[in-house]
Amino acid sequence: MKSDGTLPKIAVHGLTGCAGELLVILENLGTVLPYVQVASFPFAQSKNDIKDVDIAFVEGSVSQEHDIEVLNKIRSHSKWLVAVGNCAVHGCVQSSTCAKFTPQEMVESVYGKDSAIKALEAKPLSSYVEVDVSLSGCPIDKNQFLAVLASLLKDHLPYIIERPVCLECKMRENGCVLIEKNLPCLGPVTAAGCGALCPSFDAACYGCFGPCKDPQLDAMTLILQEKGYNLSDVLVRLGTFGIPEAVLSNLDVRR
Amino acid sequence: MQTTGKVYAPVKVSDLSYSFKAVETHSDIAFEALRTILPPKKFFFPQEETIVMCDGDQISEVVEVPTPFVVFGVHPCDLAGLLALDKIFLSAPLDSHYQRRRRAAVIVGLSCLPDKHCFCRSMGTDTPNKGYDLFLTDLGEEFYVQIKSQAGLEVIQACSTFVQSVNNDDNDSYKDFWSERDKLFERTFDSSKLPNLMDMGWNDPVWDQLAERCLSCGNCTPVCPTCYCFDMVDVAMFNTQKMEAKRDRVWDSCQFSGFAAVAGGENFRPGPIDRLKFWYRHKLHGFDDAIEIPSCVGCGRCTVSCPAGIDDLPGVVLTLLQKTNMKDAVQ
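Top line first, the protein sequences correspond to chains L and E. For the first sequence, my numbering assigns the number 1 to the initial residue and increments by one for each residue that follows. For the second sequence, my numbering assigns the number 1001 to the initial residue and increments by one for each residue that follows.
The following block holds chain E by itself, in its conformation from the complex (with noise of 0.2 Å):
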């Protein structure tokens, strides 16, 4: 992998945490990270980035050639986020910045086992269909390679003493992983019952309950393999010789309170329960219907991201389904 550029794999950054980090050897690796702080969206929308250098009367685009990469361990859940993703980054208006990250970057996916965290198999995230160069299925002495464009191709050529083809064994072994895997997920749900039941469930208790501990922490959303939302700074600053100004962009998180404030003082989501109910819809509902693909990938890292316990969607998904009569009506 190396011989195509700089290899990003999960390392393990605390006791409980993971982080995609620049990596040397397979020893800096953990393969057995889940989920990492950030899922991979921070190597194509980085947390910070200049989009406008200004110099005197000079203003110019900071255009940024990145040179190519390798981001491996990416699981199931957090390819789905990555086309997530291009949807939103490579429809008009196109992103510039994001597509030229994308294209330098080759995709090596890797098999994972859920925790009680995961439901990425009732978002129907969890089967690697598409959005990798290569995909890995972890066999336990071997690995089951999936081969899905050039590139990875060119990064099997580049180890093919390492590699042999499938026989029949193999593919039974592949078919096997995957469906023991499937019954690992400890609570399910049909997502198709996702919009209705958001819709359904808008004036439920069960918002007040949660937003009276949600510390408007933001925390739930930059862990989040969809979202995407950012605010323009523009920051003057001094260099070693003429005054400079830069426009950045910064993560932002709906769940702060300026997030939805406008001119003249008025807030459309002022309180903590106006933001949370908000952005469990958007997960939930989806990017209302712009485009027809569901905001959850099922990750979990939400849920383990927050201090206070309240973002638990397939908890709260379970409770509102019983308590709208929708779990029984529809199979």
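Same shape as in the complex, but just chain L (with noise of 0.2 Å):
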């Protein structure tokens, strides 16, 4: 509640992306209705104001130039810009970093020769406004996303883990599937928040939730490529979820 007792107003919004977030933050709005006022969410409601928003979550790249005209107007109205999902904090699989062909090919293709549709590169939210918050994943964890909101309603910067999955999967005591099954698991270089969900089924982590904190690629790619994994495979399996290209540049094989 603030001092004019009125509830806190968010904003939820999407831009180019698959409406994952859209559909966690959807299915988790019970649990925050008590506390908030739903300004704007057009993919729930279709009555929406963006103006003087205390929280605003984007999900989504900015592939298109509307896509910048409605990032501008969130961010101009808003007193918190939040980005959800990898699309909107590091451009995930539409992002340049693993795509083998460039955004005019790639419309061409799709939309024909002389098609109106006109496209940018897929690029993250903080390539354009500035963003106070970045909660990755592929989807949102629910339980990171109510820790987000609940943090910011108490203005107060939430706490998102940027350790590795490994540090969960070891705390659920998971078998390790990269040592046990030789599977190409990223959970070393991944940033955790997930609770090791794949590795917990056997499965290899794919790197859903973007990189971790200074995530050691070039010994992640050395040791795959021992178990057999080829070089390009590897960095496609690296770059698929979005991944600075600050932070792939550093990579010794690709220098």
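Chain E is nowhere near these chain L residues, computed Cβ spacing over 12 Å in every case: (1) E27; (2) F43; (3) Q45; (4) D54; (5) V70; (6) K100; (7) T102; (8) Q104; (9) E108; (10) L120; (11) K123; (12) S126; (13) V129; (14) N230; (15) L235; (16) V236.
Think about it this way: if two alpha-carbon atoms lie no more than 25 Å apart in a straight line, the pair counts; the simulated PhoX-like pairs of lysine-lysine are: (17) L:K181 x E:K1021; (18) L:K79 x L:K47; (19) E:K1116 x L:K181; (20) E:K1116 x L:K227; (21) E:K1246 x L:K2; (22) E:K1006 x E:K1021; (23) L:K181 x E:K1012.
The hints are simulated quantities; they were obtained by calculation from the structure and are not laboratory data. For each residue, glycine too, the CB sits at the ideal point set by N, CA and C.
Got two chains here, separate frames each, mind docking them using the hints?
Quick look at the structure:
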């Protein structure tokens, strides 16, 4: 509750993405509704007003001119801007790190040569506006989302784990799929937050929360190559869910 | 044992791994388990625990009162690990959360036969001298039971139909077991040299070679019986009625790049090599004389849990001993 007796306003918007984050937020709206007023959520309601929002959650990457306009408008009207999901945080699948085609080639192959559709190279929100909080995940974890919202409602920057999936995996006492099954698990270089979901079901982590803090990609590449995975496959795997170019360019094999 | 409380023992959880879990009958127990993924420290210093709850203006410490429980199948190295943690958590300032759980536990030790990664004999943690309520030595057809405490005695009294007094033959078998076991260790070294060795080998190129492979994944620390580093995180949360916040204690690792980062952006151990060397030193040099015990118990968990294969502690020690000519200098 604010000092004037009203509830804080939130906005939830999607740019270019699969609406995965919008769904996670929608599914958990019941928990947060007693504490907030949903000023704008085009995915869930028809009457929306983006003005003077306290906390805006934006999913999706910026992939077209229209996305930039929407994003700038949200930014200028909100106190806190939270990038939710890997598209908004890292650019995700559609970003350039593992794409083999230029945006122009992709537009032409999908919409034809003389299409009116204009696409930009997919980029995270932070390429265009100042982002206050970045919550990665594909999709985001609902507990992390609730913790972020609860923190920001208290004007408190949230704690978001930046440690690798391996920590959560060991804490759950899973047998290591990288060691025991030689699976191409990216747990050592991927941000935790999922509770080591895939390795808990004997599957390799495929990096869907994006890189952890200071990921050791050279060592990861080396170890996967020793297990027989070829370098180009490893690099695609590392980049699939988006990874900052600055992090990837540090890789010895790419230099 | 079940008359005492819930029983936890090693259970097979994957092709190669075991974990201490709640068991109902003896057939649930993997008696062959040599090392569990996590050591028994998790029962006393859990992976995550809420220390403080906040509800409006009400701030209260969470005081859990654990019911008695039994940890069965604790090998000598893990007993030594618990004793090391006792020195950390039960010295001033005392950690009451750890203490309450420790007091509620009955520890039943169990003998084991080493594999190629075990080096408890070199670390002097291979014989069960203390830290248990009962210790069972597996003599094949039967167990040789040593009773250390009143709690251990009560367990034995509750199952008196299964026990009988030892005779001379039993004592001989017991002695034979432990002396035969001594011969099974593949690699040994003199651990009294370790502090000097770590000082002399500090700038050795071996660290660069290991660090090139280091993933900074932190797998080596949660699995270590003596690693006790944690972080405190404040988490705001929604409750059904009131908004709440809690302060959680969560396992941390010196291998993560944020571990030694401080305000202002300075990081005392910025690279994998800084962190790896720090960890090796902490394990092998000991607690830097603050507590005069080794902080490695030779269980081999880090060796088998490292995806990069760089935590072969006895291998590194033997290499450094060779390089610094210390191997033959003092015997």
